[in-house]
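Student: Protein chains in written order, with my numbering: chain A, 1 to 92; chain B, 1 to 322.
It should be emphasised that the hints constitute simulated quantities derived from the structure, not laboratory data.
Just so it is clear, the structure is predicted and the values come from calculations on it, not from any experiment.
Virtual Cβ for every residue (Gly too), placed ideally from N, Cα, C.
Certain hints may be false.
[Claimed, not checked] Pair by pair, the computed Cβ-Cβ distance ranges are: (1) B:P122 to A:E22: 41 to 47 Å; (2) B:E307 to A:K19: 25 to 31 Å; (3) B:V225 to A:S26: 28 to 34 Å.
Listed below are the residues making up each chain.
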Amino acid sequence: MAIEVRIPTILRTYTDGAKAVEGNGSNLGELFTDLDARHPGIAARLVEGGELRRFVNVYLNDEDVRFLEGISTALSDGDSVTILPAVAGGAR
Amino acid sequence: MRYDSPLEAVGNTPLVRLPRLSAAVPGNDGGLVNLWAKLEDRNPTGSIKDRPALHMIERAEADGRLTPGCTILEPTSGNTGISLAMAAKLKGYRMVCVMPENTSEERRELLRMWGAEIISSPAAGGSNTAVRIAKEISAEHPDWVMLYQYGNPDNAGAHYTTTGPEILADLPTVTHFVAGLGTTGTLMGVGRYLREKVPGVKIVAAEPRYDDLVYGLRNLDEGFVPELYDAEVLTTRFSVGSADAVRRTRELLQQEGIFAGISTGAILHAALGVGRRAAVAGERADVVFVVADGGWKYLSTGIYTAESTEAAVEALQGQLWA
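This is chain A alone, in the form it adopts within the complex (with noise of 0.2 Å):
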């Protein structure tokens, strides 16, 4: 089942620079450890005590994964998880 995850800048060290890779996992959490036996240390940035961490934002299909089952969301094949640095945004 492949999974197109988007990498921040600030994670590209741990993907020799890529911009997008694939994973695996039928969930979030299981995605991210699938990621970690390639691009080993990644999933450190991301999750911490079995939650996301507080300033990763990771959207599943444009939608904000804590308004959804958070770490435990389910993934399909196709879907696209994007990784983000909270950040403020709008036109203030």
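Please arrange chain B on chain A, whose structure you already have, making use of the hints.
Tutor: Positioned in the frame of chain A, the structure of chain B alone reads:
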């Protein structure tokens, strides 16, 4: 409608149904889903930010934080600064804005027009950097008044007392409210009000997603979450990239004749997302979304007349559009 000052003419904006975009929502053959645009570009300086800016100033005046001759300092990517500058000019305050350098020339010209002074912050890090620099300047000038839209409860309060009640009065059947997530003031204020009045209402955030230039130097350990933000108020949150924001901004113009800024395209994208979900589930939905400002300040990007969405997106590379 008669007023004695433009400051009194803030709010009471039109709510307009969008028949063509509603009909085009996939699965909406029965017409159960309707999209409604709250035209906040009709405020005196042309954006939704007139509401919180004026409310924050008036509350600060009322409790003595802001007194004649004061200097107001604010980190802003544009609209709040423009609103504050206009009010400051009419009320006799000096206005200093800290703004990312990669914002459009129109915004700078508008700020100068209202007499504001601009301190540019580096493009890298976008608004986060502007906030940090404004806090440093504030510490150096303790006599300056930073209203600080990211943490000032009167920002959300403006929407709790005006925007929310206007929506409910115009559309008692509202099921969804969709707005941009910046300071989070609009979503927190309207969201809290509607949740009190409308059981089951869904509060949906649309967050802009920029290209790498803006995020480039962000550190995952030092992120910024506005002090106003309370995730409990939201039902869900979408991250909308530049391509979708530009595509929807163009659709809104071409199909409904509404000339809006680019952040509104991102908000519309999220509104269409929840509208589609309701249509597929066969549920009635009245989806209200915010038109945060008009397209005037973004004309120089060329996105409205570009040959294709791809060309429009290309023109926007590296710019803060929300």
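Student: It remains to establish, for every hint, whether it holds in the given structure.
Tutor: Do the hints match the structure? See the list:
1. B:P122 to A:E22: 41 to 47 Å: Because 34 Å falls outside the window, the suggested range is violated.
2. B:E307 to A:K19: 25 to 31 Å: 27 Å, holds
3. B:V225 to A:S26: 28 to 34 Å: 30 Å, holds
Hint compliance for this structure: hint 1 alone is broken.
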